[in-house]
Amino acid sequence: MTLYHFGNCVALVYVPYYLTYKFSGLGEYGAFWKCFQAGCIYVFTQLAKMLILATFFPTSDAPGIVGLDYVTEFLKATVDLLDLAGMYLVLSGIPGKGHAKIVTAGVGWGGAELLLTRGLLLWVGARGAEFHWKYTQKCLESNINLVQHVTTAALVWMWTRHDLKKSLVPIVTMLLLAMTYKPLVMENVLEVMAFSAWSALAMKALATVLFGVITLQMYVVLAESIGMF
Amino acid sequence: MLFGNADEILDAFKMVVPYYLLIALPLMIIISPVNPVAGAQEFPAFRMQQYDLHGVPHGCRSSIVSLDGRGLSSWSSSRHCVLARIEDLTVDLYRDIRTRAGALLVILPKQEEMAKLSDTAKQHILSLESAMMQQETQIPVYFSHWTPEVQSILEDIDEISPASNQKGTAAEAMINQISANGYQIVVGAGHPSVRSEISIANIHGKLVGNGHEDKLPTVVVTAHYDSFAVIPGESYGANSNAAGVAMLLELARLMSSLYSDTRTHPRYNLVFLLTGGGKMNYQGSKKWLEDQVDGENALPQDSTYVLCLDSIAGSGPIYYHVSKPPKEGSVGDRLVKSLNTAAEQEEPTTAVVLNHKKINLAEETLAWEHERFSMKRLPAATLSTVKSHKDFARSSILDTKDQLDISSLARNTRVVAEALGKHIFALNSGKIFSDQLGVDENSLQMWIDYLASMTRATHVVSHKNHQVVGALKDALTKYLKGVKVTYMVPDRRDPEVAFYDPVRTIVNVYSVKPAIFDLILTFAIVAYLLIIYLVLQNFSSIYSLSASIVGVRKNKSD
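Chains as they are written, first to last, in this note's numbering: chain A, 68 to 296; chain B, 764 to 1321.
Isolated chain A (complex conformation) (with noise of 0.2 Å):
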């Protein structure tokens, strides 16, 4: 829906990114190279799974079994575990410690995704003649994914800290498993419940703000207990 349609689009997807960079100071500290940095390695990740992907669940034409499908999924969204790593290497290449590093990282791993995937379908699609939410929704979604890009980049920092509270540690890890199969378990529950495209996106959005505020609860107790601000 023409050239106006798609600014629209862009405006929704590339604004927040923009914000949370502009806001979080990252600007002040010149972090745009870091996030360009941590781009890279997002985008190496995924080539390495996507390899995984591609040597270990070759795609059968053929009509699997049911039952065997989902422990199929099931080991494929495990691939997922790799995104971890990949941010964990993100986060050990930034020096400095706390929200800086951590929005850094979110952002720069968000940005090469939206990019990488957003761009083209935006590109291709919202400046078509033909009208669809989907492009809006897929921008809604893009923001989702930042508040959720920032979340796992805290939580794996958190992890990777030895002065995190024992007890914390394996709400933590649970966190991030959770993270980890969110999408694997999304699907399936809203395909069973045979929501709405818009209910869907809403169940996502208040899923990962969920998330989001444990996160941020656990994120204030250590940044507390290190004397961090």
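Worth flagging that the hints you see were computed from the coordinates, not collected in a lab.
Be aware that a few hints might be false.
[Unchecked claim] To give an idea of the interface, some chain B residues facing chain A are shown, with a C-beta separation under 10 Å as derived from the structure:
1. Met877
2. Gly945
3. Val1275
4. Leu1282
5. Val1289
6. Tyr1296
7. Ala1310
8. Ile1312
[Claimed, not checked] With a Cα cut of at most 25 Å, we get these calculated DSS-like pairs of lysine-lysine:
9. Lys1087(B) with Lys1139(B)
10. Lys1139(B) with Lys1120(B)
11. Lys1150(B) with Lys1120(B)
12. Lys205(A) with Lys1276(B)
13. Lys201(A) with Lys1276(B)
14. Lys1100(B) with Lys1090(B)
Keep in mind the model is a prediction, meaning the values are calculated, not measured.
No residue lacks a Cβ here, since even glycine has one placed at the ideal position from N, Cα and C.
Starting from the known structure of chain A, arrange chain B on it as the hints suggest.
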């Protein structure tokens, strides 16, 4: 606070929109592929007839559509393309649309449901078809078959109607206007272009009688094989004139077995002629006549009779259309008599009715094919189960093989074959074709199935190497001698007929929103971004809020 932030927002947007975009964006737009088809719904559609006959334009004169789709109740101007199911379209509505709307897309019932329509529905379609062909149309008119996607578009389009807006309040009406699903209908076919290389084929062959060929009398049996309907892409013409062709081929088969046996070799010549361009004022027969009369082996006028077969699968009586009542004792008179005898032999009996109509030269087209021959002073008649030449069923999209009663066609074939046999042997009673040498219903059925399975609009079959011509030639060659295909090519300067492409094309339907909707969406996005802005701006307070919550908890747990 908002005003305080305004400067920052402005700054932010200045940073967001760097100047290099001014160059980069247009560049990207230029290099990006323009593919308007992606994401749209598309379905095949047939364009309405467009042809010129003797220089007089007929049918729909344009082809390009790029307009808003609207329903019958909601269209208002020439900026709208009207979508309507053929059931809902009346003749008056059509006339109104033709003069004021931008384009028309008629939704036909599903192909398999066309045969199951009620009689009133058929009558409705027939009257609409004749109204559509009556006058030339300046707007593009397309036809498409019903699909579930088309149904949902039709429903959406009806919602835009002003009638439904009046029900609610003004606010509701406005919301309706903004959120309504609009449809942009695009047909990217090129401008109508004259089809070049038209050659209308006539196929003829003969059975030579026992004796000196030139001294024997001749009967010419002829049928035109092309069809006509308001949609050239959907004119299957089962009764008119696949039935006539099937009957002619069956007659050729039966007669050839008589001619091949010396004991039953009649002293009569038979010529079988399949003409093209029959629906275009019998152009094929005209050309054949010119070749015959002006050519060397001209048919003698006093000993030749022409029988035309046209739309002959009806269950009623067979009409014997002539332009001059046959004189007592003439060939025509004897033919009518033998036809009557043969008709009475049938179980149950049928009738042959003489129908006399003078040739009206003032009319644009001739009524029946025999008039072409009568005008050249060849005695001729048309056999048909249709009573009036004005009956539009002869050129309708409804004339499909599902509507055809093959047993009636077989019976009529028996009558004509018997009468022809009696005539050439000068018999008055008895039966010639029975038992082994009888009318084969399967062969009739086979030909009907073959011919009516494709569109044989004059448009489509009038070029060299069309498969129908080849198939008919092969069939005639099996039974007859000296089978020849001759072509009629319209004059370059002043063509008798001209056909226009495209016949079929693709209609793209884009779902679009009104421009105001985009604006509203922008407002919504700006509001959303503002909220995000505020959240991020005040993230420190959220942070301290959660710190205080955790702090409270910490105190409690401690």
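Outcome of the hint check:
no.	hint	in the structure
1	Met877	violated, 31 Å
2	Gly945	holds, 8 Å
3	Val1275	holds, 5 Å
4	Leu1282	holds, 9 Å
5	Val1289	holds, 8 Å
6	Tyr1296	holds, 6 Å
7	Ala1310	holds, 5 Å
8	Ile1312	holds, 7 Å
9	Lys1087(B) with Lys1139(B)	holds, 13 Å
10	Lys1139(B) with Lys1120(B)	holds, 17 Å
11	Lys1150(B) with Lys1120(B)	holds, 11 Å
12	Lys205(A) with Lys1276(B)	holds, 18 Å
13	Lys201(A) with Lys1276(B)	holds, 14 Å
14	Lys1100(B) with Lys1090(B)	holds, 12 Å
Checked against the numbered hints listed earlier, the structure breaks hint 1 alone; every other hint is satisfied.
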